[in-house]
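Build the full structure now, drawing on both the sequences and the hints.
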Amino acid sequence: MTSAVTIAEVHKHYGALYALRGIDFEIKQGEFFGLLGPNGAGKSTLINIMAGLTYADRGAVRINGFDVRRDYRQARRALGVVPQELVYDPFFDVREMLRLQSGYFGFGRENHAWIDELLETLNLGDKADVNMYTLSGGMKRRVLIAQAMVHKPPVLVLDEPTAGVDVELRQILWRFARRLHQDGHTIVLTTHYLEEAEQLCERIAILDQGSICALDTKQALLSRSPYRRVRLTLADAAIELPESILRLVEEREAQSITLRLHRLDDQLGAVLEAMHQCGGRLLDVHTVEPGLEEVFMELTCRKRGEVGC
Amino acid sequence: MRANTIGFYTLFTKEVWRFLKVITQTILTPAVTTLLYLVVFAQILEGRVEVYEGISYAAFLVPGLVIMAMIQNAFANSSSSLIQSKMNGNLVFVLLAPISVWEFYLAFVLATVVRGLLVGAVVYVAALWFVTLPIHHPALVLLFAVVGSAILGALGVIAGIWASKYDQLAAFQNFIVLPLSFLSGVFYSVHTLPPFWQQATFWNPFFYMIDGFRHGVIGVSDVDPWKSLLVCLLFLAVVSAVCLVMLKKGYKIRG
Ligand SMILES: Nc1ncnc2c1ncn2[C@@H]1O[C@H](COP(=O)(O)OP(=O)(O)O)[C@@H](O)[C@H]1O
Ligand SMILES: [Mg+2]
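As you go down the protein sequences, you meet chains A and B in turn. Going left to right, the first sequence walks through residues 0 to 308 as numbering that gives the first Met the number 0 numbers them. Going left to right, the second sequence walks through residues 0 to 254 as numbering that gives the first Met the number 0 numbers them.
A few of these clues could be false.
The list that follows gives simulated cross-link-like pairs (lysine-lysine, DSS-like), each with its CA atoms no further than 27 Å apart [what the hints assert, rightly or not]:
#1 B:K85 to B:K251
#2 A:K139 to B:K85
#3 A:K217 to A:K139
#4 B:K164 to B:K247
#5 B:K248 to B:K20
#6 B:K85 to B:K247
#7 B:K247 to A:K139
#8 A:K139 to B:K20
#9 B:K251 to B:K164
#10 A:K151 to A:K139
#11 A:K27 to A:K217
#12 A:K151 to B:K85
It should be emphasised that the hints constitute simulated quantities derived from the structure, not laboratory data.
As structure tokens, this is what we get:
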């Protein structure tokens, strides 16, 4: 089966700045794919190249098998893009914008019902006849999502859709994205909220300084972290801990202490043993599996050789 | 590959709709400005200047003013629409769509032609208050109006794509479009100019639009209108080619 998105050896520079240095991966049909990376990593640049908004210096991108340069019409029909910036045309109201967008894709009146459905689904029904400039950031984001969906694209790309969006709207967006995914759409999400990627994405690429530094399923990425955390609840908050435990302490608050254990070098058994030796009585032991955030920091910082990561 | 006719038509409609939404600014204001020129110049010069025998100065001036208004508004239409879309960022909506460079070019240029024709018609009708001016060759008038507006529409697309800021666009307008349209025989006949300026005028493509258009209205001109039409069509071809190449390369808009 043709991949939903194929990215082959893509390079892009802006003057002396190398925004993308040989990106090469595929996104399968129906996947919920996360593209993560710190600010300036090149996520938007990559998405713009997928959308034909920017041309790559080298390499090729195909959407559902269609080259974004040579078969641009089919490639663009297959792709819906929600841009990172909250852009709109101040001359038109929401419904007018959606109908125009649908027209650009070659649809006529027959598509108006679908547009109304989109407005309903995204709770925009009462905003259909207002101008975009009166809408809040979250509302504008929803309109952009509707706009990306007017031509029913099989592949939907969301570039940081929840940046600066309140919790409630974030929930609506996630529900909507999940539903599209269940309906068979391929979803590509860029975000710097790792929690978001952790909840939604099946496979994740981590981009840093224009290169992919990790690409794997969420489970595999999570298991990569060399550390895990253990939270101990002590019976006596004032107890003096031995050095072998103190060096592992990450956080200590009253009776609760959190330790960071290296998977190979530090054994939980030894910690408990040491605790027993110094007379510390435990009320509770709780292990916390690593989150994406850890893995992310680990991968993006180690590469730069930064300290304190 | 099959053309995206609906896509083209939608973009064209959007462009027309855009300027109709601000009709005071895009049609009425330019019409009033042009009429002010007419009142001032025709009043001052009436009776003193007779460019062609038997034709009043007002009758000579009006067609020039009409096509000049069309030209300037045609340029303003596509250039300001594009630069606004670029600055607001909403040009991405068109760039994301399966619209070819030809469809893009035609939509912008044809919408501009519609604006040019509307401005021209309003100015002409209003000018009838001041001067009786039957049209000698309506077909020729329409032809020059369409070709002239199209040329400036394409130039406007070029300028709108090239300019990154409003003042760059203003520079394009003030240093290229305005001088070329003023120094093209709107207010005088080239035959009244000193030889150097006469030669210079013959190198100004705007002169041919104005001279040809005027021929259509009053039936006389400095140059054979068919020659003027040929020059205009060649100029349109060159400007369109530049425009299409820029669009094809994604110059400045697909960074
Ligand atoms: N049009 C442009 N001109 C110059 N530099 C750019 C342009 N677009 C992006 N960049 C640079 O390329 C790098 C990647 O940017 P971007 O793709 O927007 O990152 P991200 O979306 O991951 O935050 C950044 O350093 C950014 O400053
Ligand atoms: Mg970005």
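Now for the hints, and whether the structure bears them out:
1. For the proposed pair K85 (chain B) and K251 (chain B), the alpha carbon gap of about 10 Å is at most 27 Å, so the pair holds.
2. The straight-line distance between the Cα atoms of K139 (chain A) and K85 (chain B) is roughly 18 Å, inside the 27 Å bound, and the hint therefore holds.
3. With a CA separation close to 30 Å, the supplied pair K217 (chain A) and K139 (chain A) exceeds the 27 Å bound.
4. The straight-line distance between the Cα atoms of K164 (chain B) and K247 (chain B) is roughly 22 Å, inside the 27 Å bound, and the hint therefore holds.
5. Between K248 (chain B) and K20 (chain B) the alpha-carbon distance is near 32 Å, which puts this suggested pair outside the 27 Å criterion.
6. For the given pair, K85 (chain B) sits about 17 Å from K247 (chain B) by alpha-carbon distance, which is consistent with the 27 Å threshold.
7. For the proposed pair K247 (chain B) and K139 (chain A), the alpha carbon gap of about 31 Å is over 27 Å, so the pair is violated.
8. The suggested pairing of K139 (chain A) with K20 (chain B) holds, with an alpha-carbon distance near 22 Å, which does not exceed 27 Å.
9. Distance restraint check for K251 (chain B) and K164 (chain B): the Cα-Cα separation of roughly 12 Å lies within the 27 Å cut-off, and the hinted pair is therefore satisfied.
10. Distance check on the hinted pair: K151 (chain A) and K139 (chain A) sit about 19 Å apart at the alpha-carbon level, within 27 Å; holds.
11. Proposed proximity of K27 (chain A) and K217 (chain A) is supported: the alpha carbons are some 15 Å apart, at most 27 Å.
12. Between K151 (chain A) and K85 (chain B) the CA atoms are separated by roughly 26 Å; this keeps the pair inside 27 Å, and the hint holds.
Consistency note: the structure conflicts with the earlier hints numbered 3, 5 and 7.
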